[in-house]
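Protein chains in written order, with the numbering used here: chain S, 1091 to 1439; chain U, 1091 to 1439; chain Y, 1091 to 1439.
A portion of the hints provided could be inaccurate.
Below, in silico cross-link-like pairs of lysine-lysine (DSBU-like), each with a Cα-Cα straight-line distance of 30 Å or less [unchecked claim]:
#1 LYS1398(Y) to LYS1135(U)
#2 LYS1435(S) to LYS1430(U)
#3 LYS1420(Y) to LYS1404(Y)
#4 LYS1135(U) to LYS1398(U)
#5 LYS1382(S) to LYS1435(Y)
#6 LYS1404(Y) to LYS1435(S)
#7 LYS1135(S) to LYS1352(Y)
#8 LYS1398(Y) to LYS1420(U)
#9 LYS1421(U) to LYS1435(U)
#10 LYS1352(U) to LYS1398(U)
#11 LYS1420(Y) to LYS1435(Y)
#12 LYS1430(U) to LYS1421(S)
#13 LYS1430(Y) to LYS1420(S)
#14 LYS1404(S) to LYS1352(Y)
#15 LYS1404(Y) to LYS1420(S)
#16 LYS1421(U) to LYS1404(S)
#17 LYS1420(Y) to LYS1382(Y)
#18 LYS1421(S) to LYS1430(Y)
#19 LYS1420(U) to LYS1398(S)
#20 LYS1382(S) to LYS1420(S)
#21 LYS1352(Y) to LYS1420(S)
#22 LYS1398(Y) to LYS1352(Y)
#23 LYS1430(S) to LYS1135(U)
#24 LYS1421(S) to LYS1435(S)
#25 LYS1398(S) to LYS1435(Y)
#26 LYS1420(S) to LYS1430(S)
#27 LYS1382(Y) to LYS1421(U)
#28 LYS1398(U) to LYS1398(Y)
#29 LYS1352(S) to LYS1430(U)
#30 LYS1398(Y) to LYS1382(U)
#31 LYS1421(S) to LYS1144(Y)
#32 LYS1283(S) to LYS1144(U)
#33 LYS1404(U) to LYS1435(Y)
#34 LYS1435(S) to LYS1421(Y)
#35 LYS1283(S) to LYS1382(S)
#36 LYS1435(S) to LYS1420(S)
Hints in this document: simulated from the structure, not taken from any laboratory. It should be emphasised that the depicted structure is a prediction, and the values quoted were computed from it without experimental measurement.
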Amino acid sequence: MSYTLAEIAARLGGRVSGDGQVRIRQISTLERAQADQISFLTNRKYAAQLATTKAGAVILAEADADATDLPRIISANPYALFARVSSLLNPLPAIQPGIHASAVISATASIDPSASVAAMAVVGEGAVIGAHTVIGEGCCIGDNVVIGNHVRLYPRVVIYHDCVVGDNLIAHSGVVIGADGFGIAMDEGRWIKIPQIGRVVIGNDVEIGANTTIDRGALDDTVIEDGVKLDNQIQIAHNVRIGAHTAIAGCVGIAGSTTIGKYCQIGGSAGILGHLQIADSVVIASFTLIAKSIREAGSYAAIYPFSKQEEWRKNAVHLRHLDEMAQRLKKMEQEISSLKQDTLKGNTA
Amino acid sequence: MSYTLAEIAARLGGRVSGDGQVRIRQISTLERAQADQISFLTNRKYAAQLATTKAGAVILAEADADATDLPRIISANPYALFARVSSLLNPLPAIQPGIHASAVISATASIDPSASVAAMAVVGEGAVIGAHTVIGEGCCIGDNVVIGNHVRLYPRVVIYHDCVVGDNLIAHSGVVIGADGFGIAMDEGRWIKIPQIGRVVIGNDVEIGANTTIDRGALDDTVIEDGVKLDNQIQIAHNVRIGAHTAIAGCVGIAGSTTIGKYCQIGGSAGILGHLQIADSVVIASFTLIAKSIREAGSYAAIYPFSKQEEWRKNAVHLRHLDEMAQRLKKMEQEISSLKQDTLKGNTA
Amino acid sequence: MSYTLAEIAARLGGRVSGDGQVRIRQISTLERAQADQISFLTNRKYAAQLATTKAGAVILAEADADATDLPRIISANPYALFARVSSLLNPLPAIQPGIHASAVISATASIDPSASVAAMAVVGEGAVIGAHTVIGEGCCIGDNVVIGNHVRLYPRVVIYHDCVVGDNLIAHSGVVIGADGFGIAMDEGRWIKIPQIGRVVIGNDVEIGANTTIDRGALDDTVIEDGVKLDNQIQIAHNVRIGAHTAIAGCVGIAGSTTIGKYCQIGGSAGILGHLQIADSVVIASFTLIAKSIREAGSYAAIYPFSKQEEWRKNAVHLRHLDEMAQRLKKMEQEISSLKQDTLKGNTA
């Protein structure tokens, strides 16, 4: 499969400069691209590589339009164009419709004939699987789960009973959707379990990374809105709602009943406590715990800066005495103020 | 399935006030409950919803007994009663005893006839599975594993060889019990593996959340005592012991050979270093690393408070200079003290 | 299976002192060892147990050679010797070559006759599985995956298409190798997916803990070099490279395109941001976020020290005012300096 540079721009947008007839088969980095490959400049720190790249063509921003003589596509959003070109050159393998002989499908499940159910998959009673959807090897789809069209579940995804998944979901291996939330009540020295009778409801165009877990609601549902992108090993507790087009990096934990707005971005290993409201367009730094609601868009952080172990040790010990330091500071300010008075008196006596 | 309010109180405790004949089919939040549903007030911040709820009845604390005219059950522990009522109204589906045709069961395994082994499950040599236990789809039960009665393993749980599990365990999908602990020794520039020959031993009434991992002991066992409740994506290293009725929120990591007391509560994404002792009834805040043993019950924390990115940046830079700040503070105190002497002398000269 | 102390030393090294004919069947802690077991002292805090242990023999460092009269092996590296003795006494179960009847193997896969493929495993088109390799229950091996010799995959490991794994890999249950990296580009209010067309390439002698995830590269490969040891629940993003013999504890997250040197050690729940370079022999403390490249070997940390909740609250509030404190400190220094001038003037006036 190959396209000329002119064909690529015609399909995906951007303005061609230089030879539009150069033929492109793959996409690669500036450093490694070959003559039949297209590369891209989206991060200025790689600009020097433009001079040495062997790429047959390059995708660039308008501001860099003249930074090379190579055949190029100039775009208002070169990173998005790079994504589109890569998708064009690397289509997903075609789906083989049908149900593998080893899969176990309940008699009452409804599976679209265009869908594919792989080896060792299990589909429960009353489950519905949409058109062109792929259920990977060893996936378990619980009773009465509803899965939309063009969904792709990689091997060993589990979806518990009654959950609902929209169109175009991509869920990677080890994802668990709809396990019980962590609901317990202390009663005379023992924890008793609170049944988790809500569901997980996932909108359209969501992607979920490997080994991420999304718990079902305690009473109402846990909701993942359209276009949400979740990286690996994220934990989303019961009754969380994640607003449309929010992107969350790996290892984040979100506690129960928190609502996150649309178009938020949450850095790796961050956390958000329960029962909070996070506004739209909030950006949270990696390793930051959000312990109060955020009402206003903007960037928030709480990262302890690292240093050499000895330095850290010398400095960190004072964190337990900050309040005392603050008191001493205050006292000194009063003493200095009083000394200034005395000195003034002394000098003018 | 439905119960009158009077029947519910008679079975589960609490004092009825108002019409005990109102018929209840489900439990819900104050905001969403309908006329055939019971709701509850356990968090004062929802008290205003009592005035507008459409619930047929409500569960309340003694202190709130007169806060509504709705039919109600008044309880000394309304949260626990809510849990019990929800369990009454939402029983688990009945177990279908028997072994699915696709499951692979070793000839020497012993499975109680009342147990259920689902599709694609594998049960190893010499394994024992108790009465009324459910082994979900695709679970792998290793050789010589012993599983008690009324256990429920959701799909794709793995239990490695020789581990022992008590009665009433609930383990959610993706749980791995008994993988090798992280035992390595450096020898002439290469890590060599230390065989992990201990087991995991789990008591009764434990729940383990999705994708949580509990490693087997290096020499002795890793032990989870009765009534422990573990949320999702927790990592418990080799030779840890967790005391009875301790509850641990999601994403916590506990390093090797640490012993945690009974009735502890550990917040999300917290961590505990290895070879430590944590007393009974210790509460650890989210995102807090415990780096020394805790000998005394109480609440402990180490959370860096978040702020707007610019403010954080301005403040955090000083963390690398706290010791210098402390030295300067000390020096100033000495100078002020000496200035006071001088001023005194000056003024009295 | 048993060995005399003299036989053990002859096979594995070290110098015997005392009765070399004592017969050893197992290894255990000083506290629990019996007369037919060997124990070891590698941590001085257990030295007192030498006096009371019932072990038949002990492994010790040269410096402790005379700390007991028990039969003993004295070694320059007693911890490594302990590991070797334990491996000698606890060999892995022998492999049963062959393919389980329930496994689903593509016609074009190539599986060495000495390999073992367990129940419910799936092996894709063109996959190659080496000699003496074990593919555990329910593993999914994608199309064109190449797996070396003497590899051991525990149940339910997933390896996505085209990934390459060297000899002697041990991967525990729930590991996912080669899922898509988190590559998205914002385009007119929607995230679009960047195809992840790189692979994961893993060297020889690597171990990977339960539920750890290693994402495939976006364009180039993600690389794990020889001898790397990864604990449980680690997340390794696309295009990361981990240098040989680096060891990483549980729950660590490493963001995209970061390169980590050889012989590094990374503590539990630490994190490393993307596009960074970490030198060889860097040691990173638990719970530490590395936000800049590290060019120099050494130990680095950023741990907020925990304290009782009330103390923490009192102290932590000042973290949001550190810059103001620093300004006040500076101002006071100037005032004191000016007071000293004034007092000097006053006193000498």
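For each hint, the structure was consulted:
1. LYS1398(Y) to LYS1135(U): OK: LYS1398(Y) and LYS1135(U) at ~27 Å, within 30 Å.
2. LYS1435(S) to LYS1430(U): OK: LYS1435(S) and LYS1430(U) at ~13 Å, within 30 Å.
3. LYS1420(Y) to LYS1404(Y): holds, 23 Å
4. LYS1135(U) to LYS1398(U): holds, 27 Å
5. LYS1382(S) to LYS1435(Y): The given pair, whose Cα atoms are some 54 Å apart, is violated under the 30 Å limit.
6. LYS1404(Y) to LYS1435(S): Measuring from Cα to Cα gives roughly 38 Å; hence the hint is violated.
7. LYS1135(S) to LYS1352(Y): It holds: about 25 Å lies between the C-alpha atoms, which stays within 30 Å.
8. LYS1398(Y) to LYS1420(U): Answer holds: LYS1398(Y) to LYS1420(U) is near 26 Å, not above 30 Å.
9. LYS1421(U) to LYS1435(U): Judged against 30 Å, a Cα distance of about 21 Å means the pair holds.
10. LYS1352(U) to LYS1398(U): Judged against 30 Å, a Cα distance of about 39 Å means the pair is violated.
11. LYS1420(Y) to LYS1435(Y): holds, 23 Å
12. LYS1430(U) to LYS1421(S): holds, 14 Å
13. LYS1430(Y) to LYS1420(S): holds, 20 Å
14. LYS1404(S) to LYS1352(Y): Holds, at about 28 Å.
15. LYS1404(Y) to LYS1420(S): Answer holds: LYS1404(Y) to LYS1420(S) is near 15 Å, not above 30 Å.
16. LYS1421(U) to LYS1404(S): Holds. LYS1421(U) to LYS1404(S) sits at ~17 Å (cutoff 30 Å).
17. LYS1420(Y) to LYS1382(Y): OK: LYS1420(Y) and LYS1382(Y) at ~29 Å, within 30 Å.
18. LYS1421(S) to LYS1430(Y): holds, 18 Å
19. LYS1420(U) to LYS1398(S): holds, 24 Å
20. LYS1382(S) to LYS1420(S): holds, 29 Å
21. LYS1352(Y) to LYS1420(S): The hint is violated at about 49 Å.
22. LYS1398(Y) to LYS1352(Y): violated, 39 Å
23. LYS1430(S) to LYS1135(U): violated, 52 Å
24. LYS1421(S) to LYS1435(S): holds, 21 Å
25. LYS1398(S) to LYS1435(Y): Cα-Cα ~45 Å, so violated.
26. LYS1420(S) to LYS1430(S): holds, 15 Å
27. LYS1382(Y) to LYS1421(U): Violated - the C-alpha atoms of LYS1421(U) and LYS1382(Y) are around 33 Å apart, more than 30 Å.
28. LYS1398(U) to LYS1398(Y): holds, 26 Å
29. LYS1352(S) to LYS1430(U): violated, 60 Å
30. LYS1398(Y) to LYS1382(U): holds, 13 Å
31. LYS1421(S) to LYS1144(Y): Roughly 62 Å between the alpha carbons, so the hint for LYS1421(S) and LYS1144(Y) is violated.
32. LYS1283(S) to LYS1144(U): Holds: LYS1283(S) and LYS1144(U) sit about 26 Å apart, inside 30 Å.
33. LYS1404(U) to LYS1435(Y): Since the Cα atoms of LYS1404(U) and LYS1435(Y) sit roughly 38 Å apart, the hinted pair is violated (cutoff 30 Å).
34. LYS1435(S) to LYS1421(Y): holds, 22 Å
35. LYS1283(S) to LYS1382(S): Holds: LYS1283(S) and LYS1382(S) sit about 27 Å apart, inside 30 Å.
36. LYS1435(S) to LYS1420(S): holds, 23 Å
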